Every structure is written in structure tokens, then in C-alpha cells.
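Chemist: Chains as they are written, first to last, in our numbering: chain A, 30 to 404; chain B, 145 to 405.
Bear in mind the hints are in silico, worked out from the structure with no lab data behind them.
Predicted, not measured: the structure shown is a model, and the values here were computed from it.
Where is the CB? At the ideal position from N, CA and C, for every residue including glycine.
Do not rely on the hints blindly, as some may be mistaken.
[Said to hold, decoys possible] Estimated spans, in silico, between C-beta atoms of each pair:
(1) Gly211/A to Val277/B: 50 to 56 Å
(2) Thr217/B to Arg33/A: 56 to 62 Å
(3) Val197/A to Asp176/B: 42 to 48 Å
(4) His351/B to Leu374/A: 48 to 54 Å
(5) Glu225/B to Val197/A: 48 to 54 Å
(6) Ala35/A to Gly261/B: 35 to 41 Å
Here is what each chain is made of, one letter per residue.
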Amino acid sequence: MFYREAGQFKTTYSADMAIFPIRQDRVTLGALLAFAFIGVPLLSYFHVWPFGQDYLLRAILLPFLILALAAIGVNILVGYCGQISLGSGAFMAIGAYSAYKLGTGVHIPLAWLGFDISIPALPVLPSILLGGFMSALVGILFGVPSLRIKGLYLAVATLAAQFFFDWVFLRVPWFTNYAPSGSVNAPELNFVGWVVDTPIERYILCLIFVTVFALMAKNLVRGNIGRQWMAIRDMDIAAELMGIRPLYAKLTAFAVSSFIIGVSGALWAFVYLGSWEPLAFDINRSLQLLFMVIIGGLGSILGPFIGAAFILILPIMLNLVPSELGVPLSTETITHLEFIIFGSLICYLLIKEPHGFARLISLAKEKLRLWPFPY
Amino acid sequence: MRSPDVQEVLLSVEGVSLAFGGVKALTGVSFDVRKGEIRAIIGPNGAGKTSMLNVINGFYHPNQGSITFKGQTRARMRPFEASRGGIARTFQNVALFKGMSALDNIMAGRTLKMRYGLFWQALRFGPAQREEVEHRHRVEEIIDFLEIQAIRKVPVARLPYGLQKRVELGRALAMEPDLLLLDEPMAGMNLEEKEDMSRFIIEVNDHYGTTIALIEHDMGVVMDLSNRVVVLDHGVKIADGTPDQVKRDQAVIDAYLGVAH
Chain A
30 MFYREAGQFK TTYSADMAIF PIRQDRVTLG ALLAFAFIGV PLLSYFHVWP FGQDYLLRAI
90 LLPFLILALA AIGVNILVGY CGQISLGSGA FMAIGAYSAY KLGTGVHIPL AWLGFDISIP
150 ALPVLPSILL GGFMSALVGI LFGVPSLRIK GLYLAVATLA AQFFFDWVFL RVPWFTNYAP
210 SGSVNAPELN FVGWVVDTPI ERYILCLIFV TVFALMAKNL VRGNIGRQWM AIRDMDIAAE
270 LMGIRPLYAK LTAFAVSSFI IGVSGALWAF VYLGSWEPLA FDINRSLQLL FMVIIGGLGS
330 ILGPFIGAAF ILILPIMLNL VPSELGVPLS TETITHLEFI IFGSLICYLL IKEPHGFARL
390 ISLAKEKLRL WPFPY
Chain B
145 MRSPDVQEVL LSVEGVSLAF GGVKALTGVS FDVRKGEIRA IIGPNGAGKT SMLNVINGFY
205 HPNQGSITFK GQTRARMRPF EASRGGIART FQNVALFKGM SALDNIMAGR TLKMRYGLFW
265 QALRFGPAQR EEVEHRHRVE EIIDFLEIQA IRKVPVARLP YGLQKRVELG RALAMEPDLL
325 LLDEPMAGMN LEEKEDMSRF IIEVNDHYGT TIALIEHDMG VVMDLSNRVV VLDHGVKIAD
385 GTPDQVKRDQ AVIDAYLGVA H
């Protein structure tokens, strides 16, 4: 259990600026990825506990991955660029419905102009990515007020986006292809010949998306654009006097963040839910994502994973542990307990450790480097 | 002693007036900064020194008057345009990016020099990676120059005040400015830190040939460092000249010591 850099000499700046400059980190991450990509499918194939049933994959790992991805998007905006957003659910919805429309064929009747616009149904991968782009476009639009208003006022403006799009997807039947119930079904998940159907395939698909996007997000935040975002967050006046344009920095943050959230929304709808209603992306989803980011760690890429895991696993633990211990709790009590624990934890973290669990981990690592001789 | 042999004017301020409602921060102030010199702006508290700097780098827009920088006259300018033109700045109260390491802070000063966009940065492959390393080289030179190698990976919020000031100077230097504005670079420092900072300022001026305009309250430092001094009081220029001239100026003595009525 030695987390040491001693003996790992870096002779080039590119080695020093590598994504994981410390060998132990690389090994840990490699092992985790290997387990996620190879271990989990194997264990589930051979029905090894707890991967025996699909429950773990379908009800825990799948939402964990997709929500972690969405939380990464939220963290880019809130944690890195410092722009509070309460509209994440709306951007997930935009990603989902855009992907749905593109995947089933877009038909815009413009009879009063004398012609119609028709786009044939796209394959599922481009629909999901274009759903992300659509969400990025809307994100840029709703990011424009951020140039004038800050903090809580911006949060209220993004809240307006949330309620507006909730309403749009509920009330404009065009978006749901005039489905009478308002609920829509995802098209067949055919990824360039790979038909994703079983839980394990769905899991692998989401894992690929999450790995690729997490890597790209990490690259962005440790590069020039990431420094611009953080500069705007920490001291916008100084940033502006150094040649960072607030317009560019804030709108790119909105765009990248909404893109990632949009893609995760499309995945949530297509891969996790299969069929869904606008309710799946309401204000509760936005708040849930914000909680994940706060609990996991503002301004880190690891944080959203920890936050997502925590928020998904805590309710399950509250369900299982008391009954195992012989203290059966009613469902209402559990729901209330959940609220109490989340609420107090968020208050505690905001006061004590605004950078969440991720910061606690990095502090522990820092201590470990010197342990057991801190002087 | 360093004396700028070039008499070329880099920045000239012509009759600048600035008012916040009824408060007149600056009234008809004119002075110039020659290429390669160290120019001090002094004056009692509330004289309008910081407002002057804010006008120069476009943070405030003057109500009257004009500013000519590198031969270009302008009345209104956004701060990022000023920095693009080659004006860098440090602040009276350290304005570092608190959540970032010293290295990242200084790297952020290179923003204007970096070209590759979002897509390349997301992949961080090929040109974007090379660009990043190339700028790291330049930043490391500044880190060596300011002798802050040991703290380059420390989040700046954890650094002591003197070092924060030094990192802030490094961030401004990373922009490779033509004109460096220093707002009280030595405020709140002890003697040793002041000597270090003075040395850095002289070396920046000597080595990189950067023109410097600084605000400072420590008269010893001002008299030693600067080639020429401009004195403001209540937003009005009361004296302008070499340190010796200014020291003997009756108006300056009155402003600092008060006049018997």
C-alpha cells in the first residue's frame, strides 16, 4: 500500500504533464478499466455472485455509468467554469428527444411555405451524437445570459430552461411523433451492425461512451480551455485582463457541458429506459445531478463517478442493510431517511469540504506520499 | 544605472478624466511612458492611481481624453483587447486563480499565445500536445527566473502572500507584455521580500526590455527603481519628472505632508 512518487523521475515536460503522471494511479486506473471491460462481462457470463442476475447490471451499473457521464457534463459547467445550472435535466431531455426524432425521421411540415422538410431516419449512433450537438446549441443559447448575470440569478435563468423544455416535450406532440400517451419508444439499438440488446451489451456500450467522454473531458480541463474556464470561475476580472474572453470561455463551457449531458440523456432514454416520458427529465433529475457533483467533488472528473455511485447506492443500502440487521423499515421511512442523509451530507460537505469526496481522496493521497514520516 | 536610450513614447495619456457620478477620480491627467523605462505613479491614498491603471488597460472607460498605445489612439477598449495589444497587469490585492496551481496560473497567462481549439485539446494529440509542451518550456523559464520552482504544483491559495505576489508577476510575464502595469507590487511585504521583488522588477526591465509602470507607496523603492515619476493628488497631476525633481517639488511635499492653513 505504498503511494509514492519516489524514484519516478520525469525527464520531459510531456511526461510531467501526462494525464496520470504517477505510476500508482496508472496501475489503479488500468486495473479498474480492465475489470470494467473484461472482468464484469466475464463474471456476469459465468453467473458469479453478485453478477449472477442482471439486477446489478441493469439497475445499478447502467444508471451509474450514464448519470456519471451526465454529472461530468454538469461538473464542467458548475465545477470548472463556476456557472450554476439547474437545467441539466432539460439538456438531457433535449439530447434524448433530438436523438429520438433523428432516429425516427424528422418531418417538418411547412405547408404555408409550400414545401416540407424531411430528413430520413438516421442510424442510432449519429442520432445520439447529433442529439448531443442539438443540446450543445440550446446550451449556448441559454448560456448567453451568463455574460450578464451571475450566481443565483443565472441558476434561476437555467431553471427557466428546465421548465420550458419540460413543457415543450409534454405539450408539443410533434416531438413525440404524436404518440397519444406522450410516451415514446427508442428505436432499435443497432450500432454499425452491433445490435445492443442484453443488459451486458448495454453496459459495455455505456462503458465505452463514458470512457471516451471522460477521457476527452479530462483532456479539456487540463488543457488551455480548462485553464480558461477555471480562470473565469476563480477571478473573472483578472481573467479578462489577461486576454481571456468571458464570452468564449463561458459559451464553450456551456456547449461542452450540454453536449455531454445531451449524449447522456440520449443514452438514458435509449439504452436505460427504452421507453420514456418527459417526466424522466424533470427538475428532480437536474437536482440529482447537481447533488452528485457537489457530493462527489466540484471541479474534478473523478468526483462525478463517486457522486453517482453514492447517490445510487445509498438508497439501495438503506433498503438492504436495516432488514438484514433485523430492523425492518417502512418504505416511507427509507425515503425520508434518504432525504435526511442527502440533505445533511450536502450541508456538511458545502461547509467542510466544498470539493467533495474527490478532494478527500486527493488529500489522502497527498498524506500517503509522506506517510509514515510526514516531516 | 539603467536609462532608456530610446526616447520613443510607448504609451501616452492625454487629458484623461474619469468620474463616478459626482466623484471625480481623475481630472485632465496627461503623461507618457517611454519605451524601456520604469515609470512610477505615486500619490496619497485616493489620489486615483489605481483608477489610472484601470483606464490604461481598458477596465474603465474615461469620460474625456484619449490613450495612445504603440501609436494607436483609442477611447474605449475592452480589457481583453488591451491584453491582446500587449498590456499586462498585476493587482493591488492579489487576484490569482485560487483553485489552480502556481504552474497553471502562469500557464493561463499564455492563453493568448495558444492556438489549437477545442477539438485538438479534447484529443490532446499531435499539435495540441506539442503546443502545450512548448509553452510549458517558456513558463518554466519564468519559474526559474522568479525562483519558485519548489512551489510550482502547489495550489496558490495555500501559498504565503509574498509568493502569491511573485506568482502573479509570473503570470503577467507569461503574457510577454510590452507594457507591464504593477499595482503596489510590494504592498505588505517585509524588507527582504521587497528587495527580492525590486530585483525582479529591475531584471524584467533589463532582461526582457519590458516597459513598466508601477504604483508604489514605499518612497525608497520608488526613488531607487524608477526613471521618472508622476504624482497624482485628488485625481489631478501635480508633478512629473525624475525622482530627484519630484522629491524637491513643493506641491508634492504639500500633498504628502499637508499645508498649514
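Chemist: Next step is simple, just say for each hint if it's right about the structure.
Modeler: Going down the list of hints, with the structure as the test:
1. Here the CB-CB span from Gly211/A to Val277/B is close to 53 Å, well matched to the stated 50 to 56 Å.
2. Evaluation of the 56 to 62 Å hint for Thr217/B and Arg33/A yields a pass: the beta carbon distance comes to about 59 Å.
3. Distance hint check: the CB atoms of Val197/A and Asp176/B are about 59 Å apart, inconsistent with the given range 42 to 48 Å.
4. In this structure, His351/B and Leu374/A meet the distance hint of 48 to 54 Å, their C-beta atoms being roughly 53 Å apart.
5. Range check, Glu225/B to Val197/A: about 39 Å between beta-carbon atoms, so the 48 to 54 Å window is missed.
6. At roughly 38 Å, the beta-carbon separation of Ala35/A and Gly261/B lies within the given 35 to 41 Å, and the hint holds.
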